[in-house]
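Chains as they are written, first to last, in UniProt numbering: chain A, 1 to 363; chain B, 1 to 298; chain C, 1 to 299; chain D, 1 to 410.
It is worth saying that the hints were derived from the structure and are not from the lab. We treat Cβ as the ideally placed atom computed from N, Cα and C, and that holds for glycine. Please note that the accuracy of each hint is not assured.
[What the hints assert, rightly or not] Straight-line alpha carbon distances no greater than 27 Å define the calculated DSS-like cross-link-like pairs of lysine-lysine that follow:
1) 65/B to 149/D
2) 130/D to 353/D
3) 17/B to 121/C
4) 204/B to 101/B
5) 14/C to 204/B
6) 115/A to 180/A
7) 74/C to 44/D
8) 17/B to 107/A
9) 286/C to 101/B
10) 104/A to 17/B
11) 23/A to 14/C
12) 45/B to 400/D
13) 51/B to 130/D
14) 101/B to 193/B
15) 180/A to 170/A
16) 17/B to 123/C
17) 101/B to 121/C
18) 65/B to 400/D
19) 44/D to 353/D
20) 107/A to 66/A
21) 213/D to 51/B
22) 45/B to 213/D
23) 23/A to 121/C
24) 202/B to 14/C
25) 65/B to 45/B
26) 51/B to 304/D
[What the hints assert, rightly or not] Ranges between beta-carbon positions, derived for each pair:
27) 81/B to 286/C: 32 to 38 Å
28) 104/B to 187/C: 49 to 55 Å
29) 217/C to 106/A: 28 to 34 Å
30) 149/C to 202/D: 23 to 29 Å
31) 213/B to 108/C: 34 to 40 Å
32) 212/D to 53/B: 41 to 47 Å
33) 96/C to 213/B: 41 to 47 Å
[As the list claims (entries may be wrong)] Covered, in the sense of this in silico footprint (three residues per stretch, anywhere, with C-beta under 8 Å from a C-beta of chain C), are these stretches of chain B:
34) 49 to 59
35) 204 to 214
This is what each chain is made of:
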Amino acid sequence: MTSTSSVSIKHLDLSFGAVEVLKDLNLEIANGEFLVLLGASGCGKSTLLNCIAGLLDVTGGQIHIKGENVTWAEPSERGIGMVFQSYALYPQMSVEGNLSFGLKNAKLPKDEIKKRVQRAAEVLQMEDLLKRKPAALSGGQRQRVAIGRALVRDVDVFLFDEPLSNLDAKLRADLRVEIKRLHQQLHNTMIYVTHDQVEAMTLADRIAIMKDGLIQQLASPSEIYNKPANKYVADFIGSPSMNFFLGAVNTDGAPTFETAGQTIPLTGYEFVSSPAAGNAWMGIRPEHIVVGEAAEASDFKIDTSVEIVEPMGSDTVVWCEVMGERIRIRIDGQSSVEPGDTLRIGFDAARLSLFEKTTESRI
Amino acid sequence: MADAKRPNQLLRNLNAKVAAIPMVATALVVFVGCTIWTIVHSFTKSKLLPKTDFVGLDQYERLWKTNKWLISIENLAIYGICSLVLSICIGFFLATLLDQKIRFENTIRTIILYPFALSFVVTGLTWQWILNPDFGVQKIVRSLGWESFAFDPLYNQDIVIYGILIAAIWQGSGLIMVIMLAGLRGIDQEIWKAARVDGIPKWKTYIFIVIPMMRPVFVTALVLITAGIVKVYDLVVAQTNGGPGIASEVPAKYVIESMFKNQNLGQAFAASTMMLVTVLIILVPYAYLEYGGKRRAK
Amino acid sequence: MQNKYNLEGPQGTKPRKRLSGTNIMLYGTLLVVAFYYLLPLYVMVTTSLKGMPEIRAGNIFDLPVDITFEPWVKAWSTACTGLNCDGLSRGFWNSVSILVPSVALSIAIASVNGYALANWKFKGSEVFFTILIFGAFIPYQVMLYPIVILLREVGLMGSLWGLVVVHTIFGMPILTLLFRNYFTSLPDELFKAARVDGAGFWGIYFQVMLPMSLPIFVVAMIIQVTGIWNDFLFGVIYTKPDIYPMTVQLNNIVNSVQGVKEYNVNMAATLLTGLVPLIIYFASGKLFVRGIAAGAVKG
Amino acid sequence: MNFRNALVATTALCAASAVSAADLEVTHWWTSGGEAAAVAEFAKAFNETEGNNWVDGAIAGGGGVARGVIVSRILGGDPMHATQLNHGRQAEELVEAGLMLDLTDIAEEGGWRDIVHPVSLLDSCTVDGKVYCVPVNIHSWQWLWLSHKAYADAGVDVPSNWDEFVSSAPALEAAGKVPLAMGQQSWQSSGAFGVMLVALGGPELWTKVYAEKDADAAASAEMAAVFEAAAAARELSAGSNVSDWNLATAMVINGEAGGQIMGDWAQGEFAVAEQVAGEDYTCLPGLGVNEIISTGGDAFYFPKQDDPEVEAAQKELAKLLLSKEVQVNFNLKKGSLPVRGDVDLAAANDCMKKGLEILASGNILPDGNQVLSADTTGQLEDLMVEFWNDTSITAEDAHKRYADIIASAD
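Please model the complete structure; the sequences and the hints are all you need to start from.
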């Protein structure tokens with residue numbers, strides 16, 4: 001156990017009857033780190049969070065918080081605060097009552113409770129809301145109260161369970177910034193569960209991408225974006241998502257990727273280990289495909305015919321067929337492309353991702 | 001590592017378990033225990049006091065040879081089928097009427113449902129009075145000049161069970177209506193919009209689209225009515241007390257009379273076990289459809 | 001045709017026939033239905049306000065000529081069963097003293113059961129719940145006699161508390177179901193939040209769940225008050241004449257004929273007995289409907 | 001006031017120890033006018049004794065309903081202090097289970113064996129040589145009550161026996177009367193049949209069938225004749241729509257019906273209506289055919305209690321019930337015969353005197369309840385009420401089923 005670890009999860013198993021939800025999961029979260037658990041619904045991310053909180057009993061393994069083994073501890077004894085998607089405010093208590101309920105249960109002295117509530121209200125700028133009932137608050141205000149409830153507990157670890165999913169797009173962006181500011185201000189450890197990759201990318205120090213109860217990749221946002229560990233992560237991160245081609249890596253001479261009769265040079269590609277020949281997936285993000293003059297300067301270029309154009313203002317997504325695959329290309333929003341136009345596209349080997357065909361892991 | 005002590009499995013959720021003691025006790029002692037006790041004693045020749053002189057199936061043999069029991073069963077079948085069909089038809093029909101965005105909906109619903117608040121004893125006595133041939137409906141029709149008019153269900157062996165049925169429907173159809181209405185209101189309003197755009201007449205929409213969609217509601221109503229049918233007792237006692245003769249006897253009454261009046265517990269237990277079997281015949285397929293089906297779907 | 005835009009053909013609000021054939025049918029049917037349902041109430045009320053000679057002479061649908069409250073007075077305070085000539089009043093107060101503890105106890109127990117089943121599942125809890133729900137369908141007759149023995153063993157047979165226990169037991173399936181469904185419908189996260197806040201089983205129940213559950217408690221109360229008030233079978237078997245509830249007393253009075261059958265007194269007694277649930281019904285309005293629908297739909 | 005009474009009653013129940021030793025709760029099913037007046041005599045006499053109080057626990061709906069309540073309370077461990085029950089086999093098991101108070105000591109002290117007449121009544125109270133109940137009256141079933149008014153209206157003489165009654169029926173029907181009033185409760189149907197059996201079949205047949213459970217006698221041709229007669233009587237009662245026995249009696253009192261087969265307790269109803277035997281109505285014992293009466297009746301049992309003070313009060317009540325004065329007052333009101341041969345019933349009316357004469361002459365039979373188990377009684381009642389109400393059941397069918405019941409009776 002390292003002293004810098006705030007939360008450390010060792011060989012965690014959880015199953016409901018015959019269904020294994022989490023399998024031998026290991027995770028070390030450093031002090032003050034903002035970790036995002038990202039994945040599609042049903043991947044086990046919320047389950048993991050509930051295990052850390054003590055709301056679910058684990059089947060095997062250990063959970064340590066602040067160096068203490070809390071595997072069997074009650075939620076309230078673990079030094080955590082938690083914020084829920086539905087806010088989970090006690091509807092019949094005022095904001096003040098909501099904030100102080102946990103402190104009263106912990107039998108804190110009255111003036112201490114008052115002090116902490118006051119401070120949380122200041123931090124979250126809701127001093128004038130203290131006497132209101134949750135029903136009289138807007139969605140954003142409610143979530144702020146919910147965060148406040150975690151705040152007053154004066155804990156080291158904050159757990160967020162999709163806290164912004166119930167808010168509309170604009171509020172979500174605002175609160176996202178607020179959470180980020182809060183983290184910079186408090187330097188607490190925060191574990192944040194979401195299915196929204198934008199939240200994950202913007203907030204996280206590290207992201208853990210989960211699938212079927214397993215962590216697929218645990219890395220910084222930029223590494224996850226640029227060097228996805230496997231095809232699933234590559235596909236999951238990025239919007240529109242990555243284009244894939246099935247082909248084979250050829251290592252006779254300089255490494256190349258061959259698909260649909262085309263040969264793509266891989267000279268600039270950083271292989272994980274020395275290149276090996278074999279069937280593989282080649283992935284390229286839509287925003288990494290260039291057109292026009294830039295295409296001419298690329299490692300690989302090809303002509304294609306435009307099928308559908310989706311203008312989005314800042315940029316435009318163009319659908320076309322290349323090497324037997326229908327792909328998406330993100331180009332500048334101001335360019336004028338019409339369906340039926342012929343478009344010259346290109347990309348660099350350094351921007352590619354290659355995955356072994358069967359294991360789908362990065363090569 | 002500072003390991004906390006693993007809490008004893010039995011003591012986990014201790015408060016919840018303590019709180020559930022009344023439920024567990026009721027479930028085990030009353031519902032399971034008492035039922036088993038009764039079934040076991042139905043194979044004895046207990047008279048006034050429960051004894052364990054086992055006589056095999058004798059009580060059941062006698063039961064099925066007893067005219068009163070056969071009449072009880074026959075009555076239960078007639079009453080059961082009629083009240084099932086009528087309650088559901090009337091309930092659904094009234095619910096569709098109330099679903100027509102009518103005025104005074106609340107008033108009319110209140111009127112249809114109020115009998116449900118009354119006890120079977122009150123219901124029985126009231127209808128006994130209305131159906132009294134010397135004062136009630138028969139007398140009125142006769143005084144209007146139709147001298148030969150005869151409507152005395154409570155004094156006529158052949159139709160007495162229908163006299164009870166009238167009262168039962170009056171008392172219980174409001175409930176079915178409310179359940180059906182809740183079911184109708186729970187149906188996606190866009191179905192109606194779609195039907196209107198497609199030009200499907202209202203009655204056809206009800207029969208071919210709405211009713212199939214309300215299957216769970218119908219099943220609920222069905223189970224609810226059936227459970228009530230088997231238990232019918234107070235109503236008969238108050239309205240006819242089994243008469244005229246034994247023409248309106250029902251199984252529940254047979255059990256209680258064997259138990260307390262005839263002091264033949266074994267017979268009473270055999271009869272009540274048969275009642276339980278009847279309920280099982282209805283309940284088990286339902287439970288299978290409702291829960292077994294769901295489990296498979298998961 | 002005058003209009004602002006000189007349009008021709010149908011425009012604006014579609015004219016509606018107030019007295020369309022459908023509407024006549026609809027409201028006509030409703031009128032007949034309302035008549036059928038109201039008739040017994042009307043007959044009860046008018047009969048109870050007539051004197052016996054008038055009843056014998058007239059028919060049950062006539063309005064009373066000489067309104068008399070004598071039958072009501074007699075039914076309430078002087079009708080006899082044996083030597084006890086205090087009418088229904090005794091049964092009324094018996095019913096009240098049975099009702100209050102039964103309703104309180106059954107709701108308290110069932111709500112805690114429902115809460116435990118919804119939020120604190122433990123090994124076997126679902127099994128017990130299934131048995132409990134199944135128990136709701138077992139004919140009472142099956143359990144009638146063994147319960148006499150059980151009550152004797154705990155020394156409650158024939159006492160008021162014995163009947164309270166019986167009502168609590170037989171009210172438990174439906175009420176537990178009601179509360180369990182309600183607590184399950186509350187957001188799970190609320191419960192989780194309270195646990196993170198350090199509240200225990202009873203803390204969450206009293207401080208978080210109870211304050212949110214007022215409507216369902218009212219619904220449960222309506223179900224229990226009408227159910228227990230209207231009970232006849234348990235009242236007649238598990239009590240004794242001293243504490244007979246009102247329904248049993250009603251049946252006794254109606255069946256204790258001395259000389260002639262006094263239909264007016266019987267009807268007054270019947271109405272008096274039905275009054276409490278009727279008042280609850282009319283006063284609670286939608287909640288009553290919600291109660292029986294909630295109790296029923298998820299059966 | 002009523003409220004307070006109720007509260008007192010309920011609180012008293014909650015704390016059994018609070019019941020004063022002298023408050024005795026007595027259950028019975030005497031709820032009709034005459035019956036209630038009679039039982040009031042018991043209550044009055046008991047209340048007059050020092051500090052004792054009769055708490056009335058009347059149960060409506062007849063013996064069938066009340067017996068269930070009484071028995072389940074005794075079995076349930078919450079017995080009343082005293083209760084009416086028909087003596088005989090109904091209480092057998094309760095006595096055997098040791099739930100009843102042994103009254104042997106006061107019976108011997110009071111010389112009950114000498115004063116109770118006929119002594120068979122005391123025998124019915126005796127199990128293994130010990131006395132467990134107090135017979136309070138003799139009821140006989142075998143009476144035909146006839147309305148003088150009905151016959152006057154129809155313009156025929158009041159019949160003096162069953163045959164005349166049957167032959168006068170058409171005249172009554174022509175006058176818009178119901179010849180035979182019958183309540184629809186099962187015990188009435190069964191009782192009326194029993195009366196016809198004794199009267200038309202003779203006491204020997206009755207004894208063979210009921211006391212000895214002789215299956216051959218039950219299936220015999222004599223029996224078939226009784227069934228034929230009953231089927232004929234069924235026709236005569238077709239217009240009788242009432243349920244309670246006293247409502248049927250009321251039909252006789254009002255002259256709406258010609259007659260009713262009912263036990264001597266019907267007399268109480270005539271008394272309440274202030275009718276005079278011989279003037280307003282006539283009673284024919286044994287239907288005027290076989291002047292025989294059964295000596296059934298009511299008895300009081302005293303369920304065992306723990307409290308010695310209560311036990312003392314119970315014994316006091318037991319003695320009181322047999323005292324001369326109480327016997328006279330009670331039986332006059334009830335229309336039944338006293339169980340003591342040594343009381344003076346100068347105030348008795350014609351019908352009672354007839355009964356007393358027959359009793360003295362020894363033309364007596366035991367009551368059905370004394371010889372049949374409740375179970376068999378119940379089966380017979382079910383058959384009879386069905387037969388009496390359903391004209392599609394022929395006399396032969398009913399007879400066959402009757403014989404089966406007797407054959408399997410215990």
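These are the hints, each one checked on the structure:
For the given pair, residue 65/B sits about 46 Å from residue 149/D by alpha-carbon distance, which is inconsistent with the 27 Å threshold. Among the hinted pairs, residue 130/D with residue 353/D is inconsistent with the structure: their alpha-carbon atoms are about 33 Å apart, more than 27 Å. A distance of roughly 9 Å separates the Cα atoms of residue 17/B and residue 121/C; the hinted pair therefore holds under the 27 Å criterion. Between the alpha carbons of residue 204/B and residue 101/B the distance comes to roughly 18 Å, so the proposed pair stays at or under 27 Å and holds.
For the hint linking residue 14/C to residue 204/B, the alpha-carbon distance of about 25 Å falls within 27 Å, and the restraint holds. Pair hint residue 115/A plus residue 180/A holds up; C-alpha atoms about 24 Å apart against a cutoff of 27 Å. At most 27 Å may separate the alpha-carbon atoms for a hinted pair to count; residue 74/C and residue 44/D meet this at roughly 24 Å. The suggested pairing of residue 17/B with residue 107/A holds, with an alpha-carbon distance near 26 Å, which does not exceed 27 Å.
Of the pairs offered as hints, the one joining residue 286/C and residue 101/B holds, with about 17 Å between alpha carbons and a cut-off of 27 Å not exceeded. Proposed proximity of residue 104/A and residue 17/B is supported: the alpha carbons are some 26 Å apart, at most 27 Å. Restraint check: the Cα-Cα separation between residue 23/A and residue 14/C comes to about 66 Å, which exceeds 27 Å; the hinted pair is violated. Annotation: proposed proximity of residue 45/B to residue 400/D holds, straight-line Cα distance about 25 Å (limit 27 Å).
Proposed proximity of residue 51/B and residue 130/D is supported: the alpha carbons are some 24 Å apart, at most 27 Å. Between residue 101/B and residue 193/B, the direct Cα distance comes to roughly 15 Å. Compliance with the 27 Å bound is thereby established for this hinted pair. The hinted pair formed by residue 180/A and residue 170/A meets the criterion: a straight-line CA distance of about 16 Å does not exceed 27 Å. Our distance criterion of 27 Å between C-alpha atoms is met by residue 17/B and residue 123/C, whose separation comes to about 10 Å.
Restraint check for residue 101/B and residue 121/C: the C-alpha separation of about 43 Å exceeds 27 Å, so the hint is violated. For the suggested pair residue 65/B and residue 400/D, the alpha carbons sit about 13 Å apart, so the restraint of at most 27 Å is met. For the given pair, residue 44/D sits about 26 Å from residue 353/D by alpha-carbon distance, which is consistent with the 27 Å threshold. Of the pairs offered as hints, the one joining residue 107/A and residue 66/A holds, with about 23 Å between alpha carbons and a cut-off of 27 Å not exceeded.
Note on residue 213/D and residue 51/B: the hinted pairing holds, with a Cα-Cα distance of about 25 Å set against a maximum of 27 Å. Only pairs whose Cα atoms come within 27 Å are accepted, and residue 45/B paired with residue 213/D is accepted, the gap being roughly 20 Å. Distance check on the hinted pair: residue 23/A and residue 121/C sit about 24 Å apart at the alpha-carbon level, within 27 Å; holds. Distance restraint check for residue 202/B and residue 14/C: the Cα-Cα separation of roughly 20 Å lies within the 27 Å cut-off, and the hinted pair is therefore satisfied.
The suggested pairing of residue 65/B with residue 45/B holds, with an alpha-carbon distance near 16 Å, which does not exceed 27 Å. Using a Cα cut-off of 27 Å, the hinted pair residue 51/B and residue 304/D holds, with the two alpha carbons roughly 21 Å apart. For the pair residue 81/B and residue 286/C, the beta carbons lie near 33 Å from each other, so the given range of 32 to 38 Å is met. In this structure the supplied range 49 to 55 Å is violated for residue 104/B paired with residue 187/C, their Cβ-Cβ distance being about 38 Å.
The hinted window of 28 to 34 Å between residue 217/C and residue 106/A holds, with their beta carbons roughly 29 Å apart. Distance hint for residue 149/C and residue 202/D: a CB-CB separation of about 46 Å, inconsistent with the stated range 23 to 29 Å. Distance hint for residue 213/B and residue 108/C: a CB-CB separation of about 39 Å, consistent with the stated range 34 to 40 Å. Between residue 212/D and residue 53/B the beta carbon distance is about 25 Å. The supplied range of 41 to 47 Å is therefore violated.
At about 45 Å, the beta-carbon gap between residue 96/C and residue 213/B stays in the expected band of 41 to 47 Å. Beta-carbon proximity to chain C at under 8 Å applies to 1 residues in the region 49 to 59 of chain B; the threshold of 3 is not reached and the given coverage is violated. Check on the region 204 to 214 of chain B: 0 of its residues sit with their Cβ under 8 Å from a Cβ of chain C, so the three-residue criterion for coverage is violated.
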